[in-house]
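Novice: Chain residues, written in single-letter form:
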Amino acid sequence: MGKRKRHIHLGRRILSALDLPEEAAGTPKITLLGREHALVENHQGVQQYRAEEVCLQTRAGLLCITGQALTLRELSPERLYISGRIQGIGYAQGAGER
Amino acid sequence: MDMWNSLAGYVMIKIEGVGLERFINRAIREGLEVWNIARPGRNTMTACVSIGSFYALRRLNRSLGCRITILEKHGLPIALSRLRFRKVLLFGWILVLAALLIASRYVWFLQIEGCDRVTEAEIIETLTEMGIVPGTPRGQVKTSSLGQAVMASDQRIAWAGAELYGVVLQVSIQEASETPAILQEGEPASLYAAKDGVIRRITPLSGKALFHAGDGVLKGQELITGDLGNGIQVEARGEVIARVLYRFSYTAPYTQVLPGPSGNTFTYTEISLGEWTAPPPEIPFADYEAERGKTRILGAGLPLSATEVVCHELVAMPQTLTAQELAPIALAGAREKMEAEVEKTARILSTQEEYSQDEQGVTAVLHVIAEENIAQSGALQTKDE
Chain R
1 MGKRKRHIHL
11 GRRILSALDL
21 PEEAAGTPKI
31 TLLGREHALV
41 ENHQGVQQYR
51 AEEVCLQTRA
61 GLLCITGQAL
71 TLRELSPERL
81 YISGRIQGIG
91 YAQGAGER
Chain H
1 MDMWNSLAGY
11 VMIKIEGVGL
21 ERFINRAIRE
31 GLEVWNIARP
41 GRNTMTACVS
51 IGSFYALRRL
61 NRSLGCRITI
71 LEKHGLPIAL
81 SRLRFRKVLL
91 FGWILVLAAL
101 LIASRYVWFL
111 QIEGCDRVTE
121 AEIIETLTEM
131 GIVPGTPRGQ
141 VKTSSLGQAV
151 MASDQRIAWA
161 GAELYGVVLQ
171 VSIQEASETP
181 AILQEGEPAS
191 LYAAKDGVIR
201 RITPLSGKAL
211 FHAGDGVLKG
221 QELITGDLGN
231 GIQVEARGEV
241 IARVLYRFSY
251 TAPYTQVLPG
261 PSGNTFTYTE
271 ISLGEWTAPP
281 PEIPFADYEA
291 ERGKTRILGA
301 GLPLSATEVV
311 CHELVAMPQT
321 LTAQELAPIA
331 LAGAREKMEA
341 EVEKTARILS
351 TQEEYSQDEQ
361 GVTAVLHVIA
371 EENIAQSGAL
381 QTKDE
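Taken in sequence, the protein lines are chains R and H. Position 18, counted from 1, in the first sequence is what the working numbering calls 18; the numbers after and before it change by one each time, with no gaps. Position 92, counted from 1, in the second sequence is what the working numbering calls 92; the numbers after and before it change by one each time, with no gaps.
Careful: at least some of the hints might be erroneous.
DEER-style ranges, computed between Cβ atoms [claimed, not checked]:
no.: 1; chain 1: H; residue 1: R86; chain 2: R; residue 2: Y91; range: 54 to 60 Å
no.: 2; chain 1: R; residue 1: Q87; chain 2: H; residue 2: W4; range: 31 to 37 Å
no.: 3; chain 1: H; residue 1: P40; chain 2: R; residue 2: E78; range: 46 to 52 Å
no.: 4; chain 1: H; residue 1: A99; chain 2: R; residue 2: E78; range: 48 to 54 Å
no.: 5; chain 1: H; residue 1: S81; chain 2: R; residue 2: Y91; range: 44 to 50 Å
no.: 6; chain 1: R; residue 1: E78; chain 2: H; residue 2: R22; range: 17 to 23 Å
no.: 7; chain 1: R; residue 1: L18; chain 2: H; residue 2: G41; range: 16 to 22 Å
no.: 8; chain 1: R; residue 1: Q87; chain 2: H; residue 2: K87; range: 51 to 57 Å
Because the hints were derived from the structure by calculation, they are not lab data. We put the beta carbon where it would ideally sit given N, CA and C, even for glycine.
With the hints as constraints, model all of the structure from the sequences given.
Specialist: This is the structure we're talking about:
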């Protein structure tokens, strides 16, 4: 476990030294456009999908987006575009924290 | 994206089963084109899938055991597939496309631009002589040589160019400016003032101007001389625009011979059908005044009507008029004189009327200021050295 932490920190240092953005290392990036649209980059799959909640597996943990009438507008291995009435975005506690 | 999907074709599907998230993740991993995923129920999901991805999705589903139902089909391939069963319509479409394709290989419209003195009909005639008519194959139209040929066909055309825009052949021409006529030199002469006036503008075309704008001139004065000095004499030509003041008067006597009613009448009925009116009978008077009576509608359904017309004979008879009645007659007489004397090309700047009354009648005086060319050619006056 300790080895893994060390590896990530090393990766971040390299990125910082090369002036590269942190998402290049696979860190999830969430872009929120108003209350209706959200773009999640660097996800690792859909953990749970309901009209009221979308939970995505990311390197930073389980990312949950709550709202109403949530729709997965576009899907790709790196990006997920969600639209609907977004009410909250957060990480589930204790699940996959790194 | 929507337009591309509509062109490429897609289906809206309903997926029923458990573990639908696994279904989404597998679709992502396989790189399938799935979008607009909605979750209307706990074990139900709807999504749009491209036609290519739909078959891959069915293969993928074999291990998941979900139930896939097609809800809607959209796009061009779907519309075309429906045509498979409407062979005549398909044949018609193919026929129309083929006709369009064939028709697009011909010139169907001739568009001529830049015509002024040269008419469009003349250009079209020239093109027809060259074999370019609506229906000529586009391949036979050599635009570069066509422009040159049109230019060579008429001396009034300075430049011509042709361009093909689809089935339209556009021929643009630029006309040559007219060559000014060479003036024939005549006997040495000068221009003299035909009337008294104040010069507004003096334009000598040949010869030498002796006055400037603003100068007052009297009738007979030399305005532009043909004697240029050193023994050179030319025929003076030019224009001298001056303001000329006119005064016209006319006295109308109190006793006027005017047409008046003799007492004789002639009555007839005028029949009209809509806009059409029957020609009237022969009126036995040389001059008369018609008085129209009430119109009676004749036809129940037709627009037929009858009007009674009474013609009162008018004969010339001496009448004594008042000063007020005579004023317009006097003015009309003055205006008649003005029209006879003032040049037709003159520009009337202002008119002023004056009336006076004496034992003879009413006199109207019309003061007119007009601008006109007062130059008049005359023999050159030789100066005594």
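Novice: Give a verdict on every hint.
Specialist: Here is what the structure says about each hint:
no., hint, verdict
1, H:R86 - R:Y91: 54 to 60 Å, "57 Å, holds"
2, R:Q87 - H:W4: 31 to 37 Å, "33 Å, holds"
3, H:P40 - R:E78: 46 to 52 Å, "27 Å, violated"
4, H:A99 - R:E78: 48 to 54 Å, "49 Å, holds"
5, H:S81 - R:Y91: 44 to 50 Å, "47 Å, holds"
6, R:E78 - H:R22: 17 to 23 Å, "19 Å, holds"
7, R:L18 - H:G41: 16 to 22 Å, "48 Å, violated"
8, R:Q87 - H:K87: 51 to 57 Å, "55 Å, holds"
In terms of the numbered hints stated before, the structure departs from hints 3 and 7, listed from lowest to highest.
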